[in-house]
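Number of protein chains: 2
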Amino acid sequence: MSKDKISRTEISELGEFGLIDHLTKNIKIRNKSTIKGIGDDAAVIKNKNLLTLVSNDLLLEGVHFDMVYTPLKHLGYKSAVVNFSDIAAMNGIPKQLIIGISISNRFSIEALDEFYSGLLLACEKYNVDLVGGDTTSSPSGLFISITVIGEVDEKNIAYRSGAKTNDLLCVTGDLGGAYMGLLLLEREKEVFKSDPNMQPDLGGFDYVLKRQLKPEARTDIVEILRKQNIKPTSMIDISDGLASEIFHICKNSKTSCSVYEDKIPIDSLTVSVAEDFKIDPTIAALSGGEDYELLFTISQNDFEKIKEIEDISIIGHITDSSESKNLITRSGTVIPLEAQGWKAM
Amino acid sequence: MSKDKISRTEISELGEFGLIDHLTKNIKIRNKSTIKGIGDDAAVIKNKNLLTLVSNDLLLEGVHFDMVYTPLKHLGYKSAVVNFSDIAAMNGIPKQLIIGISISNRFSIEALDEFYSGLLLACEKYNVDLVGGDTTSSPSGLFISITVIGEVDEKNIAYRSGAKTNDLLCVTGDLGGAYMGLLLLEREKEVFKSDPNMQPDLGGFDYVLKRQLKPEARTDIVEILRKQNIKPTSMIDISDGLASEIFHICKNSKTSCSVYEDKIPIDSLTVSVAEDFKIDPTIAALSGGEDYELLFTISQNDFEKIKEIEDISIIGHITDSSESKNLITRSGTVIPLEAQGWKAM
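Going down the list, the protein sequences come from chains A and B.
In case it helps, this note's numbering puts the first sequence at residues 1 to 345.
In case it helps, this note's numbering puts the second sequence at residues 1 to 345.
Chain A with its partners taken away, still in its complex shape (with noise of 0.2 Å):
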């Protein structure tokens, strides 16, 4: 450790995305099979012609989750979904979970079995298997490793890289609830700390609160565009909030791009939340985060057959990359699309 005596860099220095360049740049790619390593939701290996993909993704208490309000069991289901959300990215299926989990002594066999009860839950509804585990004890806290293996046709395989100028951009689903639901828990975590005998007055939030705490992943759509043969010219998940998403696509497509304020899809509850806590319902949609839903584009060829998908909403259009990237407003003024990324510690 003489080295930090010398040089001490802060890792808030960085940032997330200076600090993965940082890490990442020296990394070479030495096997045939390995198609994509370090870039994209998830790996992907070559077997013939059908690629396995691997994801991971680690959740902490204290960071990705509090105890306080998050009951075991949809922690444990939350934890498998948002990594099946990762293969759903890729325009694949997932099929294998592997759990990695440390416990400190404060859990209980009961309190381990609620946390595994929703992570099985999470494995029977998307029909994947759990195939490996280490359990391991921990000094304090609990921390969750999993790792999802899932798979796709080689043919349909999508990157966030393959975005074509003209290129209609879509959603699924709707967007910024999960954030409300976090803020309405964190709020009444404050009154509950301040008077441990009131009551949580969390009723009628149950859809934004279910987004929050029971997130869904969107193998369903998967399944349906290879149904009705349509292949995303590049695909991602919302998981930082939706205009973060966007850059990503742009940025590893050699794009920019237009989107629509009024097509973005917001729920009306998560409207009147938004509101309640004085919050810009579209900075919500924009940069709440955890929805989980999949942002991809096509090829306007395809617009025919992707207006009659439900669930599904073309909310702007790829742009070359001489362009800026914009957010039409409601009342018609283009102001550039703002993201705000994950900050370091």
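Hints in this document: simulated from the structure, not taken from any laboratory.
These numbers were taken from a predicted model, which means no experiment stands behind them.
Backbone N, C-alpha and C define an ideal beta-carbon position, used for all residues, glycine too.
Any given hint could be a false lead.
[Unchecked claim] Which chain A residues face chain B? A few, computed with CB under 10 Å, are given here:
#, residue
1, Ile29
2, Ser108
3, Glu124
Since the structure of chain A is provided, determine the placement of chain B on it from the hints.
Structure of chain B alone, referenced to chain A:
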């Protein structure tokens, strides 16, 4: 969490294997491509006649490593190698690696670089591609999750369950060294704690320290066995001590075994350090752990071929399940083989 109030079983009541059995008893396999789920060193996924192997391990500061005496570069190297060893234990070759790392802000970029340099050195040496990663902040400490993907031809895969009566029991390299390295490091730590001005006294102990801090995975043996056309009937890597791994093979293969004390390979430095610590070197080999050598069984028909291979010792043979698991001591006494497992918290 209301269930907690009704019934609470401490994790320590079940022990490691009881806990795994408990958590996995309701797991069903749903996909035809899932050849092997929980219960071996890695999951197995079928793609035509090539099998994909996936393994995940967690490493926690304070549980699996001690930052006081673990250089970060060595930690990166070892984190990768212990997972490569899991793939070798299926008679496979590691191909891809995914790293998940959670770090607190007490670590600088330079510290993280040291870790990555060790990780990438291992990838280079073993010809493995780093294909993905997740880096997040941690409220405290360092937490590492590694997923390794490997491959093996269907006809060469070796499970824990294939040993047959009269098969020869073989191990690679020598045993007990990694544990002696750990004892030395722990002793120096205590000395340092009582007098920080004391210089560490680790000269001449290079071999056992390297066994602990920078172990290797025996993919070289996997390749030699393939070239010699020897297919192990069963295989496992030695992470928890020889005795414990023999028990796994016997349990999964429904057999017993006879092991000859004088055939267990132990390096002369391991013997002398063990004697310093007043530990029987055989106990160090049987229960020490972290050697990451391979334990495997072969048909007696392969005896002529195996005895020509350097660095492989035949230490005994498989017996019928009606027999006891025996250790035949140097003096010729037959005593029961005993395994010490990991105890949960």
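Do the numbers back the hint for Ser108 (chain A), that is, is its least Cβ distance to chain B under 10 Å?
Constraint on Ser108 (chain A) satisfied, holds at 4 Å.
Against chain B, is Ile29 (chain A) within 10 Å by beta-carbon distance?
holds, 5 Å
Quick check on the hint: Glu124 (chain A) CB to chain B CB, less than 10 Å?
holds, 8 Å
Of the numbered hints listed earlier, not one is contradicted by the structure.
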